[in-house]
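Generate coordinates for the entire structure from the input sequences, incorporating the hints supplied.
2 protein chains.
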Amino acid sequence: MKKSSTEISIPDDHRSACPVACVLDIVGDKWTLIVVRDLFLGKHRFGEFQASPEAMPTNILAGRLKRLEAAGLIKKEFYQDNPPRAEYFLTSQGAALGPILIAMREWAERYIPGVVLVANIPSPEIRD
Amino acid sequence: MKKSSTEISIPDDHRSACPVACVLDIVGDKWTLIVVRDLFLGKHRFGEFQASPEAMPTNILAGRLKRLEAAGLIKKEFYQDNPPRAEYFLTSQGAALGPILIAMREWAERYIPGVVLVANIPSPEIRD
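Protein chains in written order, with numbering that gives the first Met the number 0: chain A, 0 to 127; chain B, 0 to 127.
What you were told as hints is all true, and nothing was included just to trick you.
When the alpha-carbon atoms are kept at most 30 Å apart in a straight line, the in silico DSSO-like pairs for lysine-lysine are as follows:
id, chain 1, residue 1, chain 2, residue 2
1, B, 29, A, 29
2, A, 75, A, 42
3, A, 29, B, 65
Note that these hints are calculated values from the structure, not bench results.
Keep in mind that this is a model prediction, so the values were computed, not measured.
Below, the structure written as structure tokens:
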């Protein structure tokens, strides 16, 4: 069956057909959802992600952005040609990860003392 | 302030006070939530986790079980003394990760073709 452009392919090396496992194949690490969180918070540029308090290493950030783009979760747009400078935006699929972040936030609020909650998370700017 | 036994400590090396980052400090990898999923599915023994389709490497499984126990998300109980054999159960805190798994499942159902959904997830057996 031909896949439509709105579908995300399961990588050939996915571990199982379990939905949780398939999601973890894409975002199952310490950093990827931090980038998604930053996009929800209105950050779009490499330097903005780097400036987040988690101090994400440059090479890891570059790798995660490439992986998110390849998975169809973010879109890269150049806002300057010379030297080339890009901004990143959530796609609809990427923005649909929001409930996962919210569930994490609610769990942390309940069980991890000391976390600081952002009062109002703005709707993300979406580019498909 | 003294922490109560029902609270999970933020590790000293947590990356920030962001709730999402703090949750990822605990479960942000490819495997930990697979173990939590298995516990929801009624698996309790090392060999049962190993037999899951994701083929989790033994050393990684042992490490994740230790980490989950240290974080207060699972409880280890010995059902045999000689040789010692243990079973693992979700604590209330661990079972409260359920909404994160459900949010992942819903995202996967919507965006990843080919995932296989378990019809009825039983309520997990909880030990605090």
